[in-house]
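Asker: So the chains spell out like this:
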Amino acid sequence: MELADIIIKFVLIVIIFAISLVVAMYSTYAERKVAAFFQDRIGPNRAGPWGILQPLADGGKMFLKEEIIPTNASAFLFIAGPSLAILTACIGSAVIPWGQHLTIGSHVIDLQVTDINVGVLYIFGVVSLGVYGVMIGGWASNNKYSLLGAIRAASQNISYEISMGLSIIALLMLTGTLSLREIAEQQHGFWSHGWFTWNVFRQPLGFLIFIVCAFAETNRTPFDLPECETELVGGYHTEYSSMKLGFYLFAEYINMFISSAVMATLYFGGYNFPFMHHLGLTENWVTILGVIALFAKIIFFIFFFMWVRWTIPRFRYDQLMDLGWKILIPLAIANIVLTGVIGTIFK
Amino acid sequence: MNTFYFIAFLSIFFSILVISAKNPVHSILYLVLTFFTFTIQYILLNAQFLAIVNFIVYMGAILVLFLYTLMLMNLNKDSEPFKSNIVKIAAVLGGGCLFVVLFACFRQVGIAEPVVLKDPGLGLVKNLGKVLFNEFLLPFEISSLLLLSAMVGAVLLATKDPKTV
Amino acid sequence: MESLSNKKKLIESKPLNFWERAYLPAILSGLSITMKHFFRKPVTISYPEEKREFSENFRGMHSLKRDENGKERCTACGLCALSCPAEAITMIAAERQKGEEHLYREEKYAAVYEINMLRCIFCGLCEEACPKEAIYLDGDIVPADYLRKDFIYGKDKLVEAPLNQ
Numbered sequence: 041m042e043l044a045d046i047i048i049k050f051v052l053i054v055i056i057f058a059i060s061l062v063v064a065m066y067s068t069y070a071e072r073k074v075a076a077f078f079q080d081r082i083g084p085n086r087a088g089p090w091g092i093l094q095p096l097a098d099g100g101k102m103f104l105k106e107e108i109i110p111t112n113a114s115a116f117l118f119i120a121g122p123s124l125a126i127l128t129a130c131i132g133s134a135v136i137p138w139g140q141h142l143t144i145g146s147h148v149i150d151l152q153v154t155d156i157n158v159g160v161l162y163i164f165g166v167v168s169l170g171v172y173g174v175m176i177g178g179w180a181s182n183n184k185y186s187l188l189g190a191i192r193a194a195s196q197n198i199s200y201e202i203s204m205g206l207s208i209i210a211l212l213m214l215t216g217t218l219s220l221r222e223i224a225e226q227q228h229g230f231w232s233h234g235w236f237t238w239n240v241f242r243q244p245l246g247f248l249i250f251i252v253c254a255f256a257e258t259n260r261t262p263f264d265l266p267e268c269e270t271e272l273v274g275g276y277h278t279e280y281s282s283m284k285l286g287f288y289l290f291a292e293y294i295n296m297f298i299s300s301a302v303m304a305t306l307y308f309g310g311y312n313f314p315f316m317h318h319l320g321l322t323e324n325w326v327t328i329l330g331v332i333a334l335f336a337k338i339i340f341f342i343f344f345f346m347w348v349r350w351t352i353p354r355f356r357y358d359q360l361m362d363l364g365w366k367i368l369i370p371l372a373i374a375n376i377v378l379t380g381v382i383g384t385i386f387k
Numbered sequence: 021m022n023t024f025y026f027i028a029f030l031s032i033f034f035s036i037l038v039i040s041a042k043n044p045v046h047s048i049l050y051l052v053l054t055f056f057t058f059t060i061q062y063i064l065l066n067a068q069f070l071a072i073v074n075f076i077v078y079m080g081a082i083l084v085l086f087l088y089t090l091m092l093m094n095l096n097k098d099s100e101p102f103k104s105n106i107v108k109i110a111a112v113l114g115g116g117c118l119f120v121v122l123f124a125c126f127r128q129v130g131i132a133e134p135v136v137l138k139d140p141g142l143g144l145v146k147n148l149g150k151v152l153f154n155e156f157l158l159p160f161e162i163s164s165l166l167l168l169s170a171m172v173g174a175v176l177l178a179t180k181d182p183k184t185v
Numbered sequence: 309m310e311s312l313s314n315k316k317k318l319i320e321s322k323p324l325n326f327w328e329r330a331y332l333p334a335i336l337s338g339l340s341i342t343m344k345h346f347f348r349k350p351v352t353i354s355y356p357e358e359k360r361e362f363s364e365n366f367r368g369m370h371s372l373k374r375d376e377n378g379k380e381r382c383t384a385c386g387l388c389a390l391s392c393p394a395e396a397i398t399m400i401a402a403e404r405q406k407g408e409e410h411l412y413r414e415e416k417y418a419a420v421y422e423i424n425m426l427r428c429i430f431c432g433l434c435e436e437a438c439p440k441e442a443i444y445l446d447g448d449i450v451p452a453d454y455l456r457k458d459f460i461y462g463k464d465k466l467v468e469a470p471l472n473q
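Here the protein sequences line up with chains B, F and L, keeping their order. The first sequence runs 41 to 387 under my numbering. The second sequence runs 21 to 185 under my numbering. The third sequence runs 309 to 473 under my numbering.
If you are wondering where the hints come from, they were derived from the structure by calculation, not from laboratory data. All residues carry an ideal CB built from backbone N, CA and C; glycine is no exception. Be aware that a few hints might be false.
To be verified - Simulated restraints, written as ranges between beta carbons of each label pair: (1) 344/L to 244/B: 21 to 29 Å; (2) 222/B to 354/L: 36 to 44 Å; (3) 244/B to 155/F: 35 to 43 Å; (4) 155/F to 324/L: 47 to 55 Å; (5) 150/F to 336/L: 39 to 47 Å; (6) 349/L to 46/B: 24 to 32 Å; (7) 323/L to 386/B: 37 to 45 Å; (8) 451/L to 244/B: 20 to 28 Å.
Generate coordinates for the entire structure from the input sequences, incorporating the hints supplied.
Answerer: This is the structure:
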């Protein structure tokens, strides 16, 4: 690898990192604003025009608040919890293809940090690791509510990982590859050979299962039982204050961003958009428009997360487990069988 | 090679911490780190699929379940059960036997040639899949049957007997 | 038993049909309802800039009135203090001196007139008790403050501004 390539990769990593943090920051603002609109209110509008400086104000508040570590908590793990949560949230972005490639001079820049050939599984692994942050934090707080929140998070994540994995398997049977870039390439354009190229039109049921599981994995309403206020005070972050709490909340929004990106890439064509090669634009412009298209899809999914949050009430814990084990898993297995049968018929 | 020795040292270091940690939860967390070093070893061997599966299955699922049960059992009071003398003697005997075996092994050990894979891409998911579903199809399917029977057994154990309840 | 009011309704709880159990149509209709609200005009009134109109019988901060010549109406009779159920009003009366006729309408006036806004319950009994029509609760909302002593409003805050300045 040349030095120039290393520098380009480094810059790319920094940019992606910065973008995911900024998106997460503004998701907190968007969440409040969207919630307000859904409830016929205005939402935060004091910090800056339309309140767009609100995330900065929130961040400043978080940093300046008093740092509390409970006396009986195990201090190292108490700090390790939120750090791990935000770490696992951030590293997920490494394998997502953000666009095709830019050609600058003689350099061809892939808009993806790394294209490992087990990309889907990598995402899956990172997601499954995410529960450690919650569990360690909840256990280290030495508080019954936190512990219960942590246990709920663990069992919920493990249960929904299974159906998530099964729904991806059906998708992988179609794509035949685990690399996210290849999956995105296969969904090129919008229409070819008499059918839509985007996977959502080939795997509607799989997508439905995947999105439900994504809600559960990111601990969003209607599955936000680990931090269920009415039952568990604050759930696993009851004892947290200051930026450590901020990290937990931030990790949730980054997770939302990453899972939106994954959903857009796996099922909604990633950076592809209709008529991308009939517009008569140069390669670089197509790439840039593709990045914009991907971000539009991601923002739609983030909006959808919020939309659902302000529409559907929380599940009860036994209903959550019933849904996961008795409905989604059999459905996902049926989806695999169906995909196999249809795949062999149309081959 | 240096990376290998460093990671191998870390694996052994963390696994010693696993058995010496007083607090069971800490011990599980060290186990997580140990498995993480294994994952790095697999990546060094260019076995990406195995690495990621180790990551998902062991770190992401099995150890989470371990942690889950330990948290529910509430073992943090350092309530170690009393060990009788017979147990202690048995432990000494067992440890001695292990030592003898290890000693016998190490005497036979010579410096082996480093294994060179004929196909460095063997661990990649495509090749692995081809090997598993062609050459080793029968053992693969049999092991899947084994897992299925274990699953059925677990379900059977978990369901209540309608007569007794 | 016979229902006396005939208002009793029997609620049938039918088992859910397939689409109701699938839960998805319900979610979709819920999402469409919230989306309708998304585009609705917000009902918020952004308070310090915009104010909601008070109703006609709103009772806000007190004001001590002047008559048409700009003289203070209050004669310090103490009926308001007597009628006050919260005992929020105190006053010290003084004789009008020569040369102060343009300031006070009656021969006696309130040299000090204080209302403790933390005690006041804005019942309006002082207004009703006043024989001289000197006090009215026609002001704005009493503003917040940091110290308790700052809520004791004297004549400087209560008396109406002079007529023509």
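Asker: None of the hints should be skipped; say for each whether it holds.
Answerer: Results of checking the hints against the structure:
no.: 1; hint: 344/L to 244/B: 21 to 29 Å; in the structure: holds, 26 Å
no.: 2; hint: 222/B to 354/L: 36 to 44 Å; in the structure: violated, 52 Å
no.: 3; hint: 244/B to 155/F: 35 to 43 Å; in the structure: holds, 37 Å
no.: 4; hint: 155/F to 324/L: 47 to 55 Å; in the structure: holds, 51 Å
no.: 5; hint: 150/F to 336/L: 39 to 47 Å; in the structure: holds, 44 Å
no.: 6; hint: 349/L to 46/B: 24 to 32 Å; in the structure: violated, 54 Å
no.: 7; hint: 323/L to 386/B: 37 to 45 Å; in the structure: holds, 38 Å
no.: 8; hint: 451/L to 244/B: 20 to 28 Å; in the structure: violated, 59 Å
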